[in-house]
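Same order as they appear, the protein sequences are chains A and B.
Heads up, the final residue of the first sequence is numbered 198 in the numbering used here, and it's a clean run with no missing numbers.
Heads up, the final residue of the second sequence is numbered 198 in the numbering used here, and it's a clean run with no missing numbers.
Source of the hints: derived by calculation from the structure; they are not laboratory data.
Keep in mind that this is a model prediction, so the values were computed, not measured.
Heads up, a few of these hints could be off.
Below are the DSSO-like pairs computed for lysine-lysine, each with C-alpha atoms no more than 30 Å apart in a straight line [stated by the list, open to error]:
no., chain 1, residue 1, chain 2, residue 2
1, B, 23, A, 66
2, A, 76, A, 133
3, A, 23, A, 66
4, B, 132, B, 189
5, B, 66, A, 66
6, A, 51, B, 189
7, B, 161, A, 45
8, B, 66, A, 45
9, A, 79, A, 132
Computed list of chain B residues with no C-beta within reach of chain A, every gap over 12 Å [as the list claims (entries may be wrong)]:
no., residue
10, 13
11, 14
12, 46
13, 70
14, 75
15, 118
16, 134
17, 147
18, 155
19, 188
Label-pair distances were calculated between CB atoms; the ranges are [claimed, not checked]:
no., chain 1, residue 1, chain 2, residue 2, range
20, B, 117, A, 115, 50 to 58 Å
21, B, 175, A, 31, 47 to 55 Å
22, A, 99, B, 19, 49 to 57 Å
23, A, 147, B, 15, 27 to 35 Å
24, B, 39, A, 117, 17 to 25 Å
25, B, 121, A, 68, 31 to 39 Å
26, B, 19, A, 185, 49 to 57 Å
27, B, 12, A, 34, 46 to 54 Å
Where a beta carbon is used, it is the ideal one built from N, C-alpha and C, also for glycine.
Letter by letter, the chains look like this.
2 protein chains.
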Amino acid sequence: MYYPEPIEHLITNLTKLPGIGRKTATRLAFFLLNANRDYVLELSKSLADIKDRIRLCSTCFNLTEKDPCEICTDEKREKDILCVVEEPSHMMVIESSYPNHYRFHILHGVINPLEGIGPDDIRLNELKERIKKEQIREIIIATNPNIEGNTTAHYISEILKGYNIRITRIAFGIPIGGDIVYTDPQTIKSSLDNRKDL
Amino acid sequence: MYYPEPIEHLITNLTKLPGIGRKTATRLAFFLLNANRDYVLELSKSLADIKDRIRLCSTCFNLTEKDPCEICTDEKREKDILCVVEEPSHMMVIESSYPNHYRFHILHGVINPLEGIGPDDIRLNELKERIKKEQIREIIIATNPNIEGNTTAHYISEILKGYNIRITRIAFGIPIGGDIVYTDPQTIKSSLDNRKDL
Chain A
1 MYYPEPIEHL ITNLTKLPGI GRKTATRLAF FLLNANRDYV LELSKSLADI
51 KDRIRLCSTC FNLTEKDPCE ICTDEKREKD ILCVVEEPSH MMVIESSYPN
101 HYRFHILHGV INPLEGIGPD DIRLNELKER IKKEQIREII IATNPNIEGN
151 TTAHYISEIL KGYNIRITRI AFGIPIGGDI VYTDPQTIKS SLDNRKDL
Chain B
1 MYYPEPIEHL ITNLTKLPGI GRKTATRLAF FLLNANRDYV LELSKSLADI
51 KDRIRLCSTC FNLTEKDPCE ICTDEKREKD ILCVVEEPSH MMVIESSYPN
101 HYRFHILHGV INPLEGIGPD DIRLNELKER IKKEQIREII IATNPNIEGN
151 TTAHYISEIL KGYNIRITRI AFGIPIGGDI VYTDPQTIKS SLDNRKDL
């Protein structure tokens with residue numbers, strides 16, 4: 001005994017979303033059955049819209065409606081610095097702390113041999129081309145401070161050795177407002193290794 | 001600084017779902033951005049489908065594609081007993097433990113004065129009409145064992161007093177496989193009050 005086919009179909013589709021099992025999917029399906037018709041049709045349309053209207057910027061690989069994206073065409077940003085990030089969401093975080101300042105290059109992944117992701121699977125060739133074409137003077141590598149992110153950062157610094165540009169890595173240490181007592185040993189170590197003169 | 005408008009729009013729509021805040025909605029939106037196009041369009045269509053193809057059975061108020069629903073038109077079920085439940089999902093639970101046995105009547109709610117839901121807001125008039133029209137001999141009230149469910153059960157038994165039918169309530173007690181030690185006092189009380197001769 002199952003629900004009518006359209007409800008079953010919706011539940012099956014919802015369970016494919018991350019973190020949503022059959023129980024949650026069923027709860028969502030019944031919420032939607034009782035929800036305002038206009039809202040459900042709008043949700044339906046907004047799902048189709050992200051596939052129909054969103055693409056990647058051919059310059060920085062940001063998600064965008066128009067190509068090149070608004071960030072790449074913003075004349076007020078630093079022209080000769082590129083901030084290299086793993087994902088569009090990481091770019092958003094940097095953008096919100098330094099609004100309208102940097103240009104970006106989004107790799108769409110990190111080097112991860114265990115998952116079979118090599119240098120050619122992320123946007124590294126495009127990065128090299130941009131550095132030449134846009135006369136970049138510095139790249140700031142803002143990948144995550146984990147094995148994959150660090151590996152990718154080192155790989156980038158290796159392949160760009162002959163380019164005569166400054167290559168920097170964002171700093172890792174105790175977060176602002178954090179407490180030394182509750183900070184893990186590796187962060188403390190990074191914080192000591194990267195100490196600055198006062 | 002926000003994501004492109006179609007992504008923002010999807011995130012806003014997803015946050016309207018129960019239990020989904022902006023962080024989860026953003027995670028789902030990015031999952032969908034990276035997901036297979038066919039899957040996302042199918043999810044989109046299945047959302048529209050539940051609004052376009054699902055309606056309530058005009059007899060029992062079950063969710064159905066055709067009216068009357070498959071349960072109401074199933075000749076093999078008990079003809080003169082109706083099982084009264086709060087919601088279609090409650091019907092499903094009973095159906096799965098007693099397949100193809102009972103007919104149902106779905107109230108779509110319970111009496112809840114605090115939320116302004118009175119007897120006229122749930123399908124009680126339709127229940128009275130069915131009892132006469134379908135020559136019902138017994139109704140089994142399977143509303144939840146909480147204040148609203150019990151109030152509704154008592155209200156139904158009051159309004160059906162002149163109908164010369166058997167009115168029963170499902171039993172509440174220690175669940176099968178449960179442990180007396182871990183059972184709450186009210187359930188134990190119900191289990192004692194409703195004891196049966198061996």
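Hint check results:
Only pairs whose Cα atoms come within 30 Å are accepted, and residue 23/B paired with residue 66/A is accepted, the gap being roughly 25 Å. Distance restraint check for residue 76/A and residue 133/A: the Cα-Cα separation of roughly 19 Å lies within the 30 Å cut-off, and the hinted pair is therefore satisfied. Distance check on the hinted pair: residue 23/A and residue 66/A sit about 39 Å apart at the alpha-carbon level, beyond 30 Å; violated. Under the criterion of a C-alpha separation no larger than 30 Å, the hint pairing residue 132/B with residue 189/B is inconsistent with the structure, at around 36 Å.
With a C-alpha separation of about 45 Å, the suggested pairing of residue 66/B with residue 66/A is violated against the 30 Å cut-off. Between residue 51/A and residue 189/B the alpha-carbon distance is near 57 Å, which puts this suggested pair outside the 30 Å criterion. A hinted pair counts as satisfied when its Cα atoms are at most 30 Å apart, and residue 161/B with residue 45/A does not qualify at roughly 50 Å. Restraint check for residue 66/B and residue 45/A: the C-alpha separation of about 26 Å stays at or below 30 Å, so the hint holds.
A hinted pair counts as satisfied when its Cα atoms are at most 30 Å apart, and residue 79/A with residue 132/A qualifies at roughly 13 Å. The Cβ of residue 13/B sits about 4 Å from the closest Cβ of chain A, inside the 12 Å cut-off, so the non-interface label is violated. Look at residue 14/B: its CB is around 7 Å from the nearest CB on chain A, not clear of 12 Å, so calling it non-interface is violated. Not every CB of chain A is more than 12 Å from the CB of residue 46/B (nearest about 4 Å), against its label as outside the interface.
Its closest Cβ contact with chain A, about 9 Å, brings residue 70/B to no more than 12 Å, contrary to its assignment away from the interface. Non-interface status of residue 75/B relative to chain A is upheld: no Cβ of that chain comes within 12 Å, the nearest being about 17 Å off. Every Cβ of chain A is farther than 12 Å from the Cβ of residue 118/B; the closest lies at roughly 19 Å, confirming the non-interface assignment. Non-interface status of residue 134/B relative to chain A is upheld: no Cβ of that chain comes within 12 Å, the nearest being about 22 Å off.
Distance check on residue 147/B: its Cβ is at least 22 Å (rounded) from any Cβ of chain A, clearing the 12 Å threshold; non-interface status holds. With a cut of 12 Å on Cβ distances, residue 155/B stays outside the contact zone with chain A, its closest approach being about 23 Å. The beta carbon of residue 188/B sits about 28 Å from the closest Cβ of chain A, which is more than 12 Å, so the claim that it is off the interface holds. Between residue 117/B and residue 115/A the beta carbons are some 52 Å apart, a value that agrees with the proposed interval 50 to 58 Å.
In this structure the hint that residue 175/B and residue 31/A lie 47 to 55 Å apart at CB is violated, the actual value being about 27 Å. A beta carbon spacing of about 32 Å between residue 99/A and residue 19/B contradicts the range 49 to 57 Å that was offered as a hint. Checked against the hint of 27 to 35 Å, the C-beta distance between residue 147/A and residue 15/B comes to roughly 33 Å, which is consistent with it. Against the hinted window of 17 to 25 Å, the Cβ-Cβ separation of residue 39/B and residue 117/A comes to about 22 Å, which satisfies the hint.
Checked against the hint of 31 to 39 Å, the C-beta distance between residue 121/B and residue 68/A comes to roughly 56 Å, which is inconsistent with it. Our hint of 49 to 57 Å for residue 19/B and residue 185/A is violated, since their Cβ atoms are close to 36 Å apart. Look at residue 12/B against residue 34/A: about 20 Å separates their beta carbons, and that is not inside 46 to 54 Å.
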